[in-house]
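**Student:** Given next are the chains, with one letter for each unit.
4 protein chains.
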Amino acid sequence: MPDHPLVPGSTSAIEKGPWHYGADYITVYFRGELEALRRLVPAPFVVDDPLCMAYVCEIVSVADSAADMVATRPDRTIYQEAAVGVKCGFNGKAGIFFPVMWVTTEWSLLRGILNGYQKRLADRISMTKLHPLNPGLKAISPGARFGGFCVKGPEQPLSLDVTVERAGAPSDLPAFGATFGMRRFPKTGEGQESVDEPVEITKSNSRVSDVWIGNGSLRTTPEVGKTQPLSGAVYRSGFTISGSKSLKE
Amino acid sequence: MPDHPLVPGSTSAIEKGPWHYGADYITVYFRGELEALRRLVPAPFVVDDPLCMAYVCEIVSVADSAADMVATRPDRTIYQEAAVGVKCGFNGKAGIFFPVMWVTTEWSLLRGILNGYQKRLADRISMTKLHPLNPGLKAISPGARFGGFCVKGPEQPLSLDVTVERAGAPSDLPAFGATFGMRRFPKTGEGQESVDEPVEITKSNSRVSDVWIGNGSLRTTPEVGKTQPLSGAVYRSGFTISGSKSLKE
Amino acid sequence: MPDHPLVPGSTSAIEKGPWHYGADYITVYFRGELEALRRLVPAPFVVDDPLCMAYVCEIVSVADSAADMVATRPDRTIYQEAAVGVKCGFNGKAGIFFPVMWVTTEWSLLRGILNGYQKRLADRISMTKLHPLNPGLKAISPGARFGGFCVKGPEQPLSLDVTVERAGAPSDLPAFGATFGMRRFPKTGEGQESVDEPVEITKSNSRVSDVWIGNGSLRTTPEVGKTQPLSGAVYRSGFTISGSKSLKE
Amino acid sequence: MPDHPLVPGSTSAIEKGPWHYGADYITVYFRGELEALRRLVPAPFVVDDPLCMAYVCEIVSVADSAADMVATRPDRTIYQEAAVGVKCGFNGKAGIFFPVMWVTTEWSLLRGILNGYQKRLADRISMTKLHPLNPGLKAISPGARFGGFCVKGPEQPLSLDVTVERAGAPSDLPAFGATFGMRRFPKTGEGQESVDEPVEITKSNSRVSDVWIGNGSLRTTPEVGKTQPLSGAVYRSGFTISGSKSLKE
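Residue numbers (the numbering used here), protein chains in the order written: chain A, 64 to 312; chain B, 64 to 312; chain C, 64 to 312; chain D, 64 to 312.
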């Protein structure tokens, strides 16, 4: 049988999971406006607290079935991502829903949509990198500045910057709980099948390191309402996603 | 309700259809190998004739609901496409199935997958354009050469060239019949919903012009088997797609 | 001898000229601020009239020595360009100087810099295309709207739109006269050679067709001062550039 | 005075130097064919030994005058580079000349050409990255594989892979000596000024770390002749370039 772009396999857009991730983040935590956020987050997820996060990151990702692609097809293992996430709950369980998540490659776009992320393709995502051997740059230290932005067509749906103040611990990062999503594959004609399914992303193996805490600012889509930055952070993180679990009763 | 990337709407990746297309094609008709093609075309479609086509084209496309985007968001109305199609049948109805179709924009990728095309994102598709006012180029005439190629990562999944011999008529182009597709949205976890549905794309308003006929050659994915070029053509075409119709019994 | 990127030849970034161009333009004519424009246009060119033009266009270009590249290397024959030009004079001869011109390919960037254009590389230039066979689009007619934009990193240095009112003639387009440029190749160390040379671009074979006249608006770099749109136009144009002529005494 | 793309300044393509670099390299050392290499390396540089290197790398680069751009304009501080270098000499001084060097940004292209590198713009350069927190990847260790490739239009002018065998020291990397270049800005018309100048790039602050040594293989442009891989290496490096020194007598 031929490989459909969404049916995981070696000639598909997507390898068979689980999928492993290692990422470098620049993140701003902020408050949006409750009513605006409620319009952004679909039922059955409930928004009671306007706490949000926005980030840009670079991710090295491999499928468990194809880790050697880092060497044979590096273009299939590296991408940039930018996203806005909103704190919410489902049946009393706390979590985060990402109304939008921009990525720079086909495979992260399609893999994400399949798992329940609302992914979009960015034209470009760029973010600060410090290189320890660059004679003109200092190692990260209090006062160091980081920035990033996402461009899509004539629009710049996210830009943010963070100034770090102190080294921190993983426990210094706000915890949101579970990662919620929405798997949708609508009809384009009468009599078609469709999918419309809230999910919880199945994450494991989470680890965080190199945390620096400070303050930040951001500009993003007006749909989140007026934004009030709370803090900023720079850190590395790794995790595994094995799929997602239906929340439909 | 927020706009999911696949749920047509003004802040989605996809506008609400019907969708109108105007395209400039460089096409090579060829025979592949029957057994290889049968592995490429999924049931319930049946391959009895190894006739295939490969093309590169540039498309101007607008949703019926948003034709003014040609002026306000031209990046949402122009893309390049490259594809390989295989003659096949369903319940005695003749048609064509495209095992793969590369495109250069997010919205054509996702719209196509929703309608049943096996779309993939290309890094680059390039093809011959002649400009009537360029003092170094002649208007199309017998002997004129056209070429195109598609690049994806380190691979070049399609390249073709056509030398035209004579002006032709739309009836000079091989007719394949209906356009078949496969809408798939597989599970990524137990208990999930999924879609697995053969379809016929709902096309109307077809028109063809500026036909030139000649010979061609191509290089493409080995999955089609050894290729034997039959003819080449350059032409313009327009049509409307309103969705797709389930072929599931 | 190996091919240097700037030394025209078959393995260089640039083919040997003359170079032929055929282009589709969307143009806005406007007044900037005289003092601002004088800071933008280098001596020996003199600005006495704040008349300017801004455009986006798609260009098919071939070297006289390599016209078959439209078929063999179409990626070396098509690019998009956006530019701002300022009316000016040299020794009483009227002309135009382009303080900046964004392009989408390496070869148009380097060829232009060599000839005296102040070219920059854009990430993306997008502009309206109408396709005559698209069932959802009308042929150009009074009231038709066109738009275009240029993106570079997080910036959008030019966006413009034009609404056409009537078919026109080439003589309806404001004439600027000669095209002036500045060839510069500065030192990066003591004792190096350098070039600092005003030029006139050597253009011939000019022809214009498909002219439509109307009104327009634009947003561009603040360096031109406050802009006052005068008119808009859509047209096709062709010409040949054989190099440039030094204006140094 | 307006900023010409090549005249360093805040609105130019190039910031004022010196320029600092921090880079991660995947490198293959190889022998080419002496006669082929002699055609690739221009006088006054002399090739007596067919030793070459090819690499892909990612570079974080800042101008001394604008190190804060890592935060404010990260797109102006990160690029990928691929190159082939040939051992050669000038007046008895040993060094390396790079007949071609592909890069992914405008500013590294133009800055390089100005300093004497034969830079070309790549469509894409991709290379292995390992992320220490990715649960599916191991830290670098004997047997780890790295790969990279460069795409330009329909061509893939360089691809290479390295399998590391042991941790090494900077002194384990072959030393080539000085970095030679050729600054060229040819005429495009009679009476024009031009530059044609061999140079030595002015490098300082060199440092190397994280060296791993092993074996490698490569495919590259046939102009180097038949290639015989000698060894492979993965390492990080930093240095400063302040310009280049004319070697003209």
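These are calculated hints, taken from the structure and not from any lab test. Note that CB positions come from ideal geometry on N, CA and C, so glycine has one too. It is possible that some hints are incorrect.
Claimed, not checked - Footprint (simulated), chain C over chain B, 3 or more residues, beta carbon under 8 Å: (1) 124 to 134; (2) 138 to 146; (3) 197 to 205; (4) 239 to 250; (5) 255 to 265; (6) 298 to 304.
**Student:** Work down the list of hints and note, for each, if the structure agrees.
**Tutor:** Here is what the structure says about each hint:
Using a Cβ-Cβ cut-off of 8 Å, 8 residues of the stretch 124 to 134 of chain B lie near chain C, which meets the minimum of three, so the contact claim holds. Look at the stretch 138 to 146 of chain B against chain C: 3 of its residues bring a Cβ nearer than 8 Å to a Cβ of that chain, three or more, so the hint holds. Counting residues of the stretch 197 to 205 of chain B whose beta-carbon sits less than 8 Å from any beta-carbon of chain C gives 4, enough to reach three: the coverage restraint holds. By the rule of at least three residues with a Cβ nearer than 8 Å to a Cβ of chain C, the coverage given for the stretch 239 to 250 of chain B is violated, with 0 such residues.
A stretch counts as covered by a chain when three or more of its residues have a beta carbon under 8 Å from one of that chain; for the stretch 255 to 265 of chain B and chain C the count is 0, and the coverage is violated. Counting residues of the stretch 298 to 304 of chain B whose C-beta sits closer than 8 Å to any C-beta of chain C gives 5, which meets the bar of three, so the coverage hint holds.
When the structure is compared with the earlier hints, violations turn up for hints 4, 5 and for no others.
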